[in-house]
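Chains Y and X, in that order, are what the protein sequence lines are. Counting in the numbering used here, the final residue of the first sequence is number 501, and the numbers go up one at a time with none missing. Counting in the numbering used here, the final residue of the second sequence is number 101, and the numbers go up one at a time with none missing.
Quick caveat, the hints were computed from the structure, so don't treat them as lab data. It is possible that part of the hints are untrue.
If the Cβ cut is set under 8 Å, some of the chain X residues that face chain Y in the computed set are [unchecked claim]:
# : residue
1 : Leu-38
2 : Phe-48
3 : Asp-54
4 : Gly-59
5 : Val-61
6 : Phe-65
7 : Val-69
8 : Ala-71
9 : Leu-83
What follows is a set of in silico ranges between Cβ atoms, one per label pair, in the way DEER data are often shown [claimed, not checked]:
#  : chain 1 : residue 1 : chain 2 : residue 2 : range
10 : X       : Gln-60    : Y       : Leu-296   : 31 to 37 Å
11 : X       : Arg-88    : Y       : Ser-420   : 26 to 32 Å
12 : Y       : Asn-495   : X       : Ser-15    : 46 to 52 Å
13 : Y       : Leu-29    : X       : Leu-64    : 35 to 41 Å
14 : Y       : Pro-374   : X       : Ala-71    : 39 to 45 Å
15 : Y       : Lys-498   : X       : Ala-71    : 39 to 45 Å
16 : Y       : Phe-449   : X       : Val-28    : 19 to 25 Å
17 : X       : Ala-72    : Y       : Pro-492   : 20 to 26 Å
18 : X       : Leu-64    : Y       : Ala-229   : 22 to 28 Å
19 : X       : Val-74    : Y       : Ala-229   : 39 to 45 Å
20 : Y       : Asp-376   : X       : Arg-88    : 42 to 48 Å
21 : X       : Val-61    : Y       : Leu-61    : 29 to 35 Å
22 : Y       : Leu-29    : X       : Val-61    : 20 to 26 Å
For clarity, every value in this text was computed on a predicted model and none was experimentally measured. Yeah, the Cβ is synthetic: ideal placement off N, Cα and C, and Gly gets one too.
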Amino acid sequence: MENIAFLPIGPEVILLIGAVIVLMAAVTLDQDRRDWGVVGAIALLVAFLLSWAQWLRLDYLERGQELAFSARGVESIHMPMVVMDRFSAFAGVLIFLIAFLALVGNWGLVKTLGKRGAEYVALVLLAAAGLHMMVISSNLILLFMGLETASIALYVIAGFARVERNSDESALKYFLLGSFASAIFLYGIALVYAGTGSISIYGSGGILAFFSSQPVAVLEVGILLTGIALMIVGLAFKVSAAPFHQWAPDVYQGAASGSVSLMAAGVKVAGIAALARVLMGAFPSRIDDWAPIIALLALLSIIVGTVGAIGQGDVKRMLAYSGVAHAGFMLSAFVAGVGGIPSIWFYLATYAVQLVGAFTVVSLVSGVRSGASPFDQYKGLFERSPWVAMAMATFMLGMGGIPFFAGFVGKVGVFGAAMSAGYTWLVAAGLIASIAGLFFYLRIVVLMFFEAPVMAEAPGTATAAPRLAGGAGFVIALTAGLTILFGIIPWPLLNIVKNAL
Amino acid sequence: MIINQFLLLGAALFSIGVYGVLSRRNAVLVLLSVELMLAAVNINMVAFDRLNQDVMAGGQVFALFIIAVAAAEVGIGIAIVLLIFRNRRSANVDELDLMKL
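Between the sequences and the hints, there should be enough to build the whole structure, so can you do that?
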């Protein structure tokens with residue numbers, strides 16, 4: 001037993017136990033009781049703390065010795081399935097924080113689901129476990145298993161409000177395109193396996209060792225490059241980078257508002273982290289081959305996301321397209337190789353927090369179960385509930401990259417990384433898109449503050465004047481606070497992400 | 001070992017699967033086409049495993065995992081298709097256009 005280290009997989013163990021307890025408690029306890037739901041939140045909180053403990057443990061172990069992200073574990077005899085480094089520890093902290101906020105902030109959804117609420121909580125736990133598995137995997141089998149665990153749970157979550165017609169449509173679109181992308185991703189893994197002779201990244205017989213030992217190619221190099229390209233396609237789908245983004249607006253709009261934040265923010269964190277692990281962890285010596293592909297994807301995402309977001313009349317669709325553009329901004333730091341990882345982390349952390357906050361506001365304003373969130377519902381929000389409107393304005397300005405909000409520091413970081421790698425055209429396109437992006441972020445702010453309210457609902461109902469109260473209030477206040485805090489004093493987070501590789 | 005036949009079979013199956021996903025109207029047939037793509041990956045995995053003489057048998061293990069995951073995916077997929085059919089009396093993916101593109 002002493003050969004098994006439980007700390008790296010501790011979060012998964014806790015989450016699976018939590019999911020089982022929630023499901024069993026929901027069956028055996030009284031149907032009206034909701035206290036089993038607290039178990040889910042506690043499990044996510046414990047997983048969050050365990051990821052933090054991983055970070056501290058690594059600080060303790062590696063004091064004084066610097067391990068390069070790309071060279072770790074090549075000398076060891078084993079071919080590890082999971083790897084515990086600062087990269088995975090930081091990703092774990094972020095994923096579980098997002099999943100926790102997504103669950104607590106949308107407690108209203110769990111309540112309206114009635115006795116199906118337990119299934120929803122269990123699915124959130126399983127999705128979080130899958131997302132974390134993607135980022136700790138050092139083996140392509142486990143990477144794929146994590147991807148599928150998370151995806152299958154999220155397909156169900158997308159269709160959870162099943163009586164709503166848009167919800168089933170959203171689930172089917174997500175499922176068909178998601179499984180298609182998974183199959184392409186798998187074909188890529190098969191070709192990479194053919195080219196390198198291993199499906200383990202680290203370890204003596206792993207992919208890294210193959211590249212570092214004067215590779216005698218098993219087959220032509222073309223098969224390896226095709227494999228890398230197909231793997232990029234599969235993961236680009238998950239982070240909704242153009243041209244693989246078409247599912248995102250429909251899925252976000254159709255799924256119940258309360259469930260979108262995990263789908264959007266959590267998957268983006270895990271997908272970007274897994275892409276970084278594959279490209280910079282396994283194929284750092286092939287950077288000249290994959291950097292142009294990534295740069296092109298980034299350019300397309302930035303353009304398509306920005307242009308697409310301008311024409312939208314629905315807040316969730318607008319956020320989906322802006323997510324495409326943000327994926328592009330993050331991908332543009334990939335071209336700098338391992339040196340770009342800190343700026344990717346900073347951008348990802350701040351963007352994910354803002355996104356969770358924004359979707360929590362959407363679920364307050366449009367209702368947790370509803371699909372559509374037309375702009376009309378946001379007109380005059382400041383008069384009806386000033387605090388919610390001010391929080392939403394914070395998220396919008398943060399995503400737009402206004403100075404003194406967290407998004408600005410993130411943008412400076414990723415553009416600096418792309419600049420240092422010599423991709424000036426990409427930075428130029430990114431800067432233009434950032435300015436154009438202000439149009440649709442500021443439009444929401446103008447609607448909320450300067451337009452007269454257009455209310456379909458009777459005044460006095462919960463949706464007519466959403467209040468910052470309970471779990472949602474806590475989440476919105478926390479995320480808005482972090483957005484402003486890291487915009488004004490970004491150094492603590494910058495110091496953390498500098499080590500997160 | 002000559003593996004060209006296996007790779008050709010895999011590539012052909014994969015292409016047929018992609019064609020099916022893109023051209024079929026019925027959600028169940030799209031699902032079947034995705035399964036064809038996964039089967040193609042399995043053939044490739046096992047063929048490359050033999051070619052590489054992998055002592056860990058990574059390709060074969062991966063094929064087993066893919067089979068298990070594919071089964072889980074079909075379970076969810078069929079459930080979603082049933083839900084669509086119950087709500088709309090049709091499983092035609094072209095009719096899923098309630099949301100603006």
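These are the hints, each one checked on the structure:
Checking X/Leu-38 against chain Y by beta carbon gives a least distance of about 6 Å; that is within 8 Å, so the hint holds. Against a cut-off of 8 Å between C-beta atoms, the interface hint on X/Phe-48 holds, since the closest Cβ of chain Y lies about 4 Å away. For X/Asp-54, the interface hint holds, the least distance from its beta-carbon to any beta-carbon of chain Y being 7 Å, beneath 8 Å. With a least beta-carbon distance of about 6 Å to chain Y, the hint placing X/Gly-59 at the interface is held under the 8 Å criterion.
Annotation: interface hint on X/Val-61 holds; nearest CB of chain Y at approximately 7 Å, less than 8 Å. Nearest Cβ of chain Y to the Cβ of X/Phe-65: about 6 Å, under the 8 Å cut. The hint holds. A least Cβ separation of about 5 Å between X/Val-69 and chain Y falls short of the 8 Å threshold, and the interface hint therefore holds. With a cut of 8 Å, the hint placing X/Ala-71 at the interface with chain Y is violated, because the nearest CB-to-CB distance is about 11 Å.
At a threshold of 8 Å, the smallest CB-CB gap from X/Leu-83 to chain Y is about 5 Å, leaving the interface hint in force. Taken as a hint, the range 31 to 37 Å holds for the pair X/Gln-60 and Y/Leu-296, whose Cβ atoms sit roughly 36 Å apart. Evaluation of the 26 to 32 Å hint for X/Arg-88 and Y/Ser-420 yields a failure: the beta carbon distance comes to about 53 Å. Taking 46 to 52 Å as the suggested C-beta distance range, the pair Y/Asn-495 and X/Ser-15 conforms, at roughly 50 Å.
Under the hint 35 to 41 Å, the C-beta atoms of Y/Leu-29 and X/Leu-64, about 38 Å apart, fit the expected range. For the hinted restraint 39 to 45 Å between Y/Pro-374 and X/Ala-71, the CB-CB distance of approximately 40 Å keeps it satisfied. The supplied range of 39 to 45 Å is met by Y/Lys-498 and X/Ala-71, whose beta-carbon atoms lie about 44 Å from each other. Against the hinted window of 19 to 25 Å, the Cβ-Cβ separation of Y/Phe-449 and X/Val-28 comes to about 49 Å, which falls outside the hint.
Hint check: X/Ala-72 to Y/Pro-492, Cβ distance near 42 Å, so the stated range 20 to 26 Å is violated. For the hinted restraint 22 to 28 Å between X/Leu-64 and Y/Ala-229, the CB-CB distance of approximately 26 Å keeps it satisfied. For X/Val-74 paired with Y/Ala-229, a C-beta distance near 27 Å fails the hint of 39 to 45 Å. Between Y/Asp-376 and X/Arg-88 the C-beta distance comes to about 27 Å, which lies outside the given range of 42 to 48 Å.
A hinted range of 29 to 35 Å holds for the C-beta pair X/Val-61 and Y/Leu-61, which are about 30 Å apart. As the Cβ distance of Y/Leu-29 to X/Val-61 is approximately 40 Å, the hint placing it in 20 to 26 Å is violated.
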